[in-house]
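Please build the complete structure, drawing on both the sequences and the hints.
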Amino acid sequence: MSETIHVVGLGNVLMGDDGVGVRAVQRLEAEGGLGPGVALVDGGTAVFDTLSPLGGGKTLIVIDAVEGGGEAGAVYRVPFEALAGSGRGGMALSLHEVGLLESLPLLELAGVRWEEVVVFGVEPGTVSTGETLSAAVEAALPEVAKAVKKELSG
Amino acid sequence: MQTITIDPVTRIEGHLKIEAKVDGNEVKEARSTGTLFRGFEMILKGRDPRDAQRITQRICGVCPTGHSIASTLNLDAAFGIADKIPHNGRVIRNLILGCNFLQSHILHFYHLAALDYVDVTAAADYEGADPVLNSLKAFIDRGALGPFLPRYEGDYRLSKDLNRAAAAHYVQALDVRRQCHELGAVFGARMPMNQSVIPGGASETPTVDKIAQFLWKLEAIRRFIDDVYIPDVLAVAGAYGDYAEIGTGCRNYLAYGCFDIEDGVADPLKRKRALNAGRAGASGEMGPVDAGKISEDVKHSWFTDACASKPAEGDTVPDPHKAGAYSWLKSPRYEGEVYEVGPLARIYVNYLAGHPGVKPIVDGALGRLKAGPEALLSTLGRHAARALEAKFVADAMAAWVATLKPGEPICADYEIPEASTGAGLSEAPRGALGHWIRIEDRKIANYQCVVPTTWNGSPRDAQGRPGPIEQAIEGTKIRDAANPFEIVRIVRSFDPCLACAVHVVNGKGRPLAKYRIDV
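Read top to bottom, the protein sequences are chains D and V. Number 134 in our numbering belongs to position 134 of the first sequence; there are no gaps in the numbering. Plus 154 on top of the position in the second sequence (first one is 1) and you've got our numbering.
Just so you know, these hints were derived from the structure itself, not from any lab. Even for Gly, the Cβ is constructed at its ideal location relative to N, Cα and C. Treat the hints with care, as some may be off.
As the list claims (entries may be wrong) - Derived coverage of chain D by chain V (criterion: at least 3 residues anywhere in the stretch with Cβ under 8 Å from a Cβ of chain V; other residues may be distant):
# : stretch
1 : 9–23
2 : 29–38
3 : 101–114
As the list claims (entries may be wrong) - Among the chain V residues that face chain D by a calculated CB cut under 10 Å, a handful are:
#  : residue
4  : Gln211
5  : Arg212
6  : Ser289
7  : Leu328
8  : Asp329
9  : Asn637
10 : Tyr669
Structural data, given as structure tokens:
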């Protein structure tokens, strides 16, 4: 298994706070990236198709909007196991809608796996057509960037 | 009268609700409701026109390539350079779009549609040595039935061996899709949202190395299409022959065509394309396509009545409480008539025209099924057309890539005009895709997209005529209203793709407070 660490931002940048994962990856990139051996990936909305070519590795860090019951801008660090099973139940909707929770088991079936998967989630405020993040979520970006860096240094 | 409501229809792209009123086991009335509002056009107003290419690709994660091509053809037209695209740029665009067709068709058959016909759980008691089936068995043993259940029960007809073979191909196809994306990235720079398709041509230079790499990667995918995908579709067709007789629908077929194979012609509908533009009716009558005859009706759509117009002048003003409306989709019509779009429309239009690449492939498959061309115009016919189109496109791509000329131009120069208009008509895997732009002060003043599923999934128009999916369901006999296989098989055969909108990870029912962090 490769030693590679992947940091993937997911979301639709045209849908307000849904795009927070992509914005966080852009911010990390602007801050100079995360060093050798760590790949930063803008995954957009194509979750399965983004993760599949990465081929697996040591650690997958996903940054995404996560509804966890907190106020807009709340930041979560959730091990994937804690989220697994909370999705819509496999392909209940579609491959479009195959989000993270459905993609990882399917990828495992196709032989693509990571030793550890951690989700950094940001509670969304506004998810509707628009390219900007709400103020609360925008304000959480530096926090998320810092948390991801801390995760990698620890 | 009983009403069957399927909301949402699963294993399609996006959110679609189907309501069917059934009387005496027959669907008397069907309503197709797009439940998501798509307002991406509003984001484009006031922006640099070139942003359209980047932004429209982000509408969705499954067919961004179709949007990149339609928006770029649209900008070529608006910038006045549609007849100046160099050979290399044109070919690279075709190769990138082709990769998207291949991955989309394979995805649709194996991961969205096949589960209606193939019983994947046949792998649960597998005791052989096939590693793929064993990993699938382990997957099922762990209780990971998510992708396969819930489902309707009572009409799985393949033998256990065929079910197992198809289940193994389901897993194999996950990997083939990855290969398709990697193939697309050779000239697209990244996939699925490519960087390389730009006004004037393409940005990725062809080299001998890239051409060789492309051919080598393509070969594996061609083998999968010839040896696995097409045989699987024919096996399903053999066991579900009654589906070659139902789900026909409006009996009018429309294709804008795609994959330009001619340089120097400004109007995309007049260009020679690998799959040509055209219209056809179920009785074999044919006609040309004139973009000026396309209009959008909003009588039963949640948009203000003023939004009914030609796409070039179209507007997107939501009216969610409009009386009589039942869908977020508009109703595109050609000369006021209902038309189906998609692989079947493309293949049928070109088949009738005697296309030298399409006709032999279609005749060969029909011969193997001992069926006539009328069998194409059905639920199964849509799957067959998709698979045969994948073969046609993959074979053509191998020829196209060999015509690239390293060292020669890939892109034409342009200036953004002060004011202009454009139209970009091409095809996404799911069907005819049109983009329209009006530029004022070098900025986007108006932008409209008419996407394939707007045609196929459209609600009734002002004349009360149902859309293609609605018509395909109406009149169908339902064997078991508790397991309405017929309806979902018909709907999925269209490969509907509604707006991709939200990808929020939903931890609902599971408060995540204990995972909160403060940095």
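Review point. Any of the earlier hints contradicted here, and which numbers?
Key: When the structure is compared with the hints, numbers 2 and 9 turn out to be violated.
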